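Colleague: Chains as they are written, first to last, in the numbering used here: chain A, 4 to 332; chain B, 4 to 332.
If you are wondering where the hints come from, they were derived from the structure by calculation, not from laboratory data.
Be a bit skeptical, because a hint or two may be false.
It does not matter which identical chain is used: a pair holds within one copy or between any two.
Claimed, not checked - Capping the alpha-carbon separation at 35 Å, the derived lysine-lysine pairs in DSBU-like fashion look like this: (1) Lys172 with Lys250; (2) Lys236 with Lys204; (3) Lys317 with Lys247; (4) Lys247 with Lys194.
In this text the structure is predicted, and so the values were computed from the model without any measurement.
2 protein chains.
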Amino acid sequence: MKIVVDAMGSDRAPAVEVEGVMQAVEEFGYDVALVGDEALLKEALRKYKDYSDKISIVHAPERIAMNEPAALSVRRKRHSSIVIGMEMLKRDEADGFVSAGNTGAVVCAATLSLRLLPGIERPGIAIVIPTLTGASVMIDVGANIDPKPMHLFQYGIMADAYARYILHKENPSVGLLNVGEEESKGTDFAKEAHTLLSESKLNFKGNMEGRDIYAGSVDIIICDGFVGNVILKVSESVIDTIVKLLKNEIKANIIATLGAALASTAFNELKKKMDYSEYGGAPLLGVDGRCIISHGSSNPKAIKNAIRVAAEFKTQDVNRHIVEELESY
Amino acid sequence: MKIVVDAMGSDRAPAVEVEGVMQAVEEFGYDVALVGDEALLKEALRKYKDYSDKISIVHAPERIAMNEPAALSVRRKRHSSIVIGMEMLKRDEADGFVSAGNTGAVVCAATLSLRLLPGIERPGIAIVIPTLTGASVMIDVGANIDPKPMHLFQYGIMADAYARYILHKENPSVGLLNVGEEESKGTDFAKEAHTLLSESKLNFKGNMEGRDIYAGSVDIIICDGFVGNVILKVSESVIDTIVKLLKNEIKANIIATLGAALASTAFNELKKKMDYSEYGGAPLLGVDGRCIISHGSSNPKAIKNAIRVAAEFKTQDVNRHIVEELESY
Chain A
4 MKIVVDAMGS DRAPAVEVEG VMQAVEEFGY DVALVGDEAL LKEALRKYKD
54 YSDKISIVHA PERIAMNEPA ALSVRRKRHS SIVIGMEMLK RDEADGFVSA
104 GNTGAVVCAA TLSLRLLPGI ERPGIAIVIP TLTGASVMID VGANIDPKPM
154 HLFQYGIMAD AYARYILHKE NPSVGLLNVG EEESKGTDFA KEAHTLLSES
204 KLNFKGNMEG RDIYAGSVDI IICDGFVGNV ILKVSESVID TIVKLLKNEI
254 KANIIATLGA ALASTAFNEL KKKMDYSEYG GAPLLGVDGR CIISHGSSNP
304 KAIKNAIRVA AEFKTQDVNR HIVEELESY
Chain B
4 MKIVVDAMGS DRAPAVEVEG VMQAVEEFGY DVALVGDEAL LKEALRKYKD
54 YSDKISIVHA PERIAMNEPA ALSVRRKRHS SIVIGMEMLK RDEADGFVSA
104 GNTGAVVCAA TLSLRLLPGI ERPGIAIVIP TLTGASVMID VGANIDPKPM
154 HLFQYGIMAD AYARYILHKE NPSVGLLNVG EEESKGTDFA KEAHTLLSES
204 KLNFKGNMEG RDIYAGSVDI IICDGFVGNV ILKVSESVID TIVKLLKNEI
254 KANIIATLGA ALASTAFNEL KKKMDYSEYG GAPLLGVDGR CIISHGSSNP
304 KAIKNAIRVA AEFKTQDVNR HIVEELESY
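Just chain A, with the same shape it has in the complex (with noise of 0.2 Å):
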């Protein structure tokens, strides 16, 4: 098994791949390539143990920025980390592509130089996403922010098979983001996506609303990309704001600094359990390959995880499975 990493993406590259890679080859055994600033890399592994047999360094002069716009920086930038990465895997020197870097590059080099799997029209990120009742996958978080209803229904497919053999869940039930529950709610395009999700053999529950995603009432909630995105942005910082605030107040009341103190067991806990890193990133789906996104803040742990489901990806044949069941229509 051979990963590739895009070791300069993250928000702190490279040290933070770097040492996720460690982490990644010392529990899994796997090989991994780095791509990125050589000189910047050596001096990075040399203050880990020698994996000389095991990881690789692929100089990349170029790196695209977090802020780059997209298409432009991949068909421009033909010598950085994220085009000389997928690049290896269109020519099949590795299984999987691990990038904590820009998403929209990655989305469009991905979908240049490997292709979408045949019946796929558009490629979703799917994300996992922690629930009262565990975790559910909400696909697209903003591969796609302007998709058709037939992408939607790809993306339960294709999300189905990520949560059945990945995420071992059985006959994942799958809901369709609204603003109401029932089947007449919604613009024509939620509605034509419904009557196709309907239609579809998936485990399909009907539309379901913005409370009900971390109620965990299924375990794939479909969406389209741009309403994807906000929503992960939102629950993040409705998240920041309500600590922030609780800083606040606890400061101005010295009971209650002592009451946090004890407290603080229980929000680490809490923590643990909203823990993305444990997920390590999440899967482009639809692509002919297997891609990882990870956040740009990510830590060495996140990076660990990202590298572990791209090699299970690839274990569990994930694309063929998309592939055939869309045959099977």
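Start from chain A and add chain B according to the hints.
Modeller: Frame of chain A, contents of chain B only:
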């Protein structure tokens, strides 16, 4: 000042509405017409001081339930509290209307009975949300789930008047919710709305992301009604989920339980800050009248404050400001 209150709207109608009306009459001295089932209302009023000089009952034999399809129920239930109340407003028998009932039905009845203000093509619901720096207005949160870019420009003009004359914000800043901050981001719809807002006289700050909402980066957040509706519901759900998870963690740990008891002062202060009932309800902007929509789970305080806001819309002549501003384009 006379306000019509739909007495049959909220989850605990008419008790909550009657209690809220009593508070409003005692605190502000307004006249109020309660529209709903006469027998129920007479019964509910019996336990309060006699304000029959201030409070009148208008009998409405029908009631539109929360889940009824909006347009159909408004057409069929001509004797419902929502339709009868709105008709009173139309005939100038009152200065404003408050309902905690079926939002879609209120929007539909208002649009049909009152008609739109000159220059407005679609109404929008504006809601006040608490932020780290105070409070912001978000529009639209569900009146119109499939708007045109021009409608978003009109939301900007309407929310600007609301923020200036009711919330007393000077030169309120405006942001367009999008998936990135750069001008080039988003769907064609978002780009067109960006252009219209850029060319307006509003204090437009450009695109903003989901994570900026609760940070309070702008005074007015503009989005389409589908996204706004999802954001509201997701936000409520994130808070509920955190509280539930924390409660479970805390129960499992005796030290944490003690800590939580001590910290409860801080939690209560925080809760007060997040208390939507302070703002009383969300105005339906753009109709030729004053309609305030309250949450179905409103408490009496929320109803009282909704009545206050309806009266302020009259006193401040907000609709005239909206029309004059639009005429200047």
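Colleague: Hints broken by the structure, by number, lowest first?
Modeller: 3
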